[in-house]
Amino acid sequence: MRKRMSRPLFAVLLTLCLQSGWSLLGQDSNWKRTDSDSPYFHQIELRDALGRVIDPNGSDPSHPDLSKTCAPCHDVESAAGGLHGGAGLDGRAGEPWFLVDSRSASAIPFHSRSWPGLFDPDDLGLDGSRWARTFGRHDTGGSGGISPAGSDCLVCHLTGGYDFARRIERVDAGDPAIATFIAAGLLDNSGNYHLSRFDRDNKVSLELLSDAGSGACLHCHSVKDLDSAENSRWLHDEDIHLAAGMSCVDCHRSGIDHHMVRGFEGEEHPAGIEVSSLSCRGCHMAAEGGHSAAPKPLHAGLPPFHLDEIHCTGCHSGPVPDLTGIRQWTSRAHRLGEPSQSRSPADPPRIIFAGIDQDESGKLGPVRRAWPEGWGILDGDGNLNPIPPDTLRRPLRKALRVRSNLIKEMTEKLSDSDADNLIADALLQIEETIEGQGTPVLIMGSRVLARDSDGGLTEMDSDLASAISWPLGHPVRSARTAVGAGGCTDCHSATSSWLTMPVGPESPLPVAGTPAPRSALDDDVVDSKRWNSWSQLFQGRELGKVYYSICFLLAISGSLLALWRSLAQEAR
Amino acid sequence: MKSWIPRLTILLLLLAVLSSIPALPLGVDLRGRWLQVHLIVAAPLAILIVSQIWWVRTTPNFLQALAWLSISAGLGSIVVPLLALVGTDSIHLWVENHGWLSILGVGLLGIAAARKQRNK
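Those protein sequence lines, which keep their order, are chains A and B. Take 1431 as the starting number for the first sequence in my numbering and just add one per residue. Take 387 as the starting number for the second sequence in my numbering and just add one per residue.
Check the hints yourself; a few may be wrong.
Some chain A residues close to chain B (C-beta under 7 Å, calculated; not the full set) [claimed, not checked]: (1) L1732; (2) Y1978; (3) I1986; (4) L1993.
Footprint (simulated), chain A over chain B, 3 or more residues, beta carbon under 8 Å [unchecked claim]: (5) 418-426; (6) 462-468.
Non-contacting residues of chain B with respect to chain A, defined by C-beta distances greater than 12 Å in every case (computed) [claimed, not checked]: (7) S389; (8) R393; (9) S405; (10) S406; (11) G485; (12) W486; (13) V492; (14) A499; (15) R504.
Note that these hints are calculated values from the structure, not bench results. These figures come from a predicted structure and were not determined experimentally. The C-beta atom is built at its ideal place from N, Cα and C for all residues, glycine as well.
Model the full assembly from the supplied sequences, consistent with the hints where possible.
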């Protein structure tokens, strides 16, 4: 007798069949795609926040909304998430944001991701509107971020005609919602439509590409080495990949989910996708070959353990190690992209290319470093709560008579000893003015300073003012300019700066006792005694090559001759 | 014939073998202090090997000749990466071959010595 399939089981199977068939037939079928390698020319209508098509010639047309404008064709909800939008895994530490305030000499590193040594945006009272006003200029938005403004698709995807300086101007002025349309030239500064940009069907033409070129990324991801007498910025080369015609997103790829591949070794992609081939090693060293004909380096004569213990970036990325740390500006920390005549090398935060450090995996790689500066409350458990600069205005004005720039004004009129007393007075004012359980402290020069009973300053035993560091990957230098291209003595010599570049904190306020700069070798990133003894051995390496070569030639010729003789002798 | 040359050569060969033991298990490069010891031993050993081959024993038997050829080839297989003639991918292979050839040479010398002892 045939057994009949039960109805619930049939229903489940039918649902599964339909679902799998649907997903096979029409992936992303809700969204329009050309599926062509050729770019799609966007001739589109602008839409307002309610999704209505905007007629710019109408009476009092509403402002456009980017999310609604893109939504008919693109999955804007997915696009607003991803690593780039602040969602996904925290992963390896990256560049923090810095809350900089000249009146209180604050430069507080923070991030919403749980990276070591950083403060939380909530501790600094950074709500959406304050965030947008202070950091919105370099924040492209996203569902995982703090910005109340939606994602700015145009800043990354518009290939030309995006005026980033105007974006900064409008975001700073409190117009984050329409800043992107003003920057793209669709609206004027007053928010009126540029009618010349619309055709007869009220459509605008925008050259939007998934890869709008490296210029789009560099709005927010530029890093500039600061000039010194021996080291002029204009002499520096750009990243070798960009010079070769590649684009940032050739390696830092993502799908519509915007989980941008960060490109470091061992990266865990939030979507669970295997992305190892997009790291330096995966692309250049993999036996099966990398992307875009990536050349496989020979690394002639380099003992293989170097590749196991040093990241590719350790020799190939960042500035060439110098006798001192190289100060750098970054887009987000120093407002790059904004035309300015007053940007100064001394502008906080002080970000330094700090040479080589060891990461969590024990591998060596280059890092940038910065030191937190500002004021805070140290509680009984040893936790440091930073005091937002706005809260400091009153007590600092009262105690220190600061008008606009604490560092400049104090440095101009004080010697070291005077500064101690005045800072102690300021800490007393903070204690009296600001509510909070704990001791008011100044965080500066890698130290936590509190007021002592004599009205002076005392150093607290805390590592909360220690340097924060994050690895760097760019600019990638060519093989010929990599550390080691000049031979082993590029690192293994008494004159090499690779591990011996001293970097340390500075105290922008005139307070004595700032710790002296230390190198990676001082911090025993590698065994310094062993390292130094190897450096001495390498002095004779060139001579050793000649010596061993001659010995080998003599030995092999002599032993062949001896073998021939012994064979001849045995034959007799 | 200077009898101290072969004795010192054998002693240094054994020291070189002993100082390379930390490179076990296979696949690991000799590094650090032990590599320094190995190099310090290797510097005089190289010239002693040459002396041994050219001046001390001019007509060795077949086994001895094969042993010195193996040791010489071992020396050559470390000179190749030293001169940066090969890339990182194959350096370990050359270094490992240096070890095997040297050990083979020392082993053959031992067998030759044992045979000689037996024939006495």
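(request) Please write out, lowest number first, the hints stated earlier that are contradicted by the structure. (result) none
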